[in-house]
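S.K.: Below are the chains, spelled out letter by letter.
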Amino acid sequence: GAGVSQSPSNKVTEKGKDVELRCDPISGHTALYWYRQSLGQGLEFLIYFQGNSAPDKSGLPSDRFSAERTGGSVSTLTIQRTQQEDSAVYLCASSVRGGTRFYNEQFFGPGTRLTVL
Amino acid sequence: AQSVTQLGSHVSVSEGALVLLRCNYSSSVPPYLFWYVQYPNQGLQLLLKYTSAATLVKGINGFEAEFKKSETSFHLTKPSAHMSDAAEYFCAVSVNSGYALNFGKGTSLLVTP
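These protein sequence lines map, in sequence, to chains A and Z. All residue numbers for the first sequence refer to the numbering used here, where the first residue is 80 and numbers rise by one. All residue numbers for the second sequence refer to the numbering used here, where the first residue is 171 and numbers rise by one.
Hints in this document: simulated from the structure, not taken from any laboratory. Wrong hints could be hidden among the right ones.
Derived EDC-like pairs (lysine to aspartate or glutamate); straight-line CA-CA distance at most 16 Å [said to hold, decoys possible]:
no.	chain 1	residue 1	chain 2	residue 2
1	Z	Lys-219	Z	Glu-236
2	Z	Lys-275	Z	Glu-258
3	A	Lys-136	A	Glu-123
4	Z	Lys-275	A	Glu-123
5	Z	Lys-219	Z	Glu-234
6	Z	Lys-219	A	Glu-184
Reference listing, derived: stretches of chain A covered by chain Z, where coverage requires no fewer than 3 residues with Cβ under 8 Å from a Cβ of chain Z [to be verified]:
no.	segment
7	124–135
8	187–196
For the chain Z half of the interface with chain A, some residues (derived, Cβ under 8 Å), not all of them [as the list claims (entries may be wrong)]:
no.	residue
9	Gln-212
10	Leu-216
11	Lys-228
A virtual CB, placed ideally from N, CA and C, is assigned to each residue, including glycine.
Looking at chain A on its own, in the form it has when it is part of the complex (with noise of 0.2 Å):
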């Protein structure tokens, strides 16, 4: 079956722009997962949506930082005012539901580059 998608590939941008960054999840996932790996913090968790409410959003890194989720399923990450540091790949995840004692494995995505210039 398909994957968790994730567009674009590639983002390039110049400072001070808006981004988003979307992420389709597996079909059936209630769970969703956002982080950013970069070569200097290596891989960070961002924000974690079960259905369609976040009830971690301890990761965003500042308040340029926002994501929703609609219908339970695709999920955008929006960056305000980009800045030169914002530079990562930003990863996406799902499975089939979080926030339990029973962990359920995490399905990555192949991620969005996204060069802040």
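Mind docking chain Z on chain A? Use the hints.
M.R.: Frame of chain A; chain Z shown alone:
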């Protein structure tokens, strides 16, 4: 808070040699531990996971890991390295809030002929 530490950012082995990638965890509660692999320009793929069942966990591509509570370790091993094993390997632990993953810094495995 749960965290993992991967010892060695780069590991080089000869083809056919033993692969040993080290991971130590810190957790105040019984952890869920994972190893992921990332091939160049690709996403993360789960190799194996420990969820408090058997302490020796077998994964894909001949990899296995052993959970040792006394040593707070979850090292990844493979008896015989193959050229195709060259990749970045990440150890991760699930955190309480949202059960998101907390990753180590990663270990880059180089396999030489």
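S.K.: Please go over all the hints and tell whether each is borne out by the structure.
M.R.: Now the hints, each set against the structure:
In summary, the hint linking Lys-219 (chain Z) to Glu-236 (chain Z) is supported, as the alpha carbons are separated by about 10 Å, within the 16 Å threshold. Of the supplied pair hints, the one linking Lys-275 (chain Z) and Glu-258 (chain Z) holds, its CA atoms being roughly 10 Å apart against a limit of 16 Å. A C-alpha spacing of about 12 Å is found between Lys-136 (chain A) and Glu-123 (chain A), which places the hinted pair at or below 16 Å, so the restraint holds. With a C-alpha separation of about 10 Å, the suggested pair Lys-275 (chain Z) and Glu-123 (chain A) falls inside the 16 Å cut-off, and the hint holds.
Straight-line distance between C-alpha atoms of Lys-219 (chain Z) and Glu-234 (chain Z) comes to about 9 Å, which keeps the hinted pair within the 16 Å bound. Of the supplied pair hints, the one linking Lys-219 (chain Z) and Glu-184 (chain A) holds, its CA atoms being roughly 9 Å apart against a limit of 16 Å. Requiring three or more residues with a Cβ within less than 8 Å of a Cβ of chain Z, the coverage given for the segment 124–135 of chain A holds, as 5 such residues are present. Check on the segment 187–196 of chain A: 4 of its residues sit with their Cβ under 8 Å from a Cβ of chain Z, so the three-residue criterion for coverage holds.
Annotation: interface hint on Gln-212 (chain Z) holds; nearest CB of chain A at approximately 6 Å, less than 8 Å. With its C-beta approaching chain A no nearer than about 6 Å, Leu-216 (chain Z) sits inside the 8 Å limit, and its interface hint holds. For the restraint placing Lys-228 (chain Z) at the interface with chain A, the shortest Cβ-Cβ distance is roughly 15 Å, beyond the 8 Å limit, so the hint is violated.
Comparing the model with each numbered hint stated earlier shows that hint 11 is the single one that does not hold.
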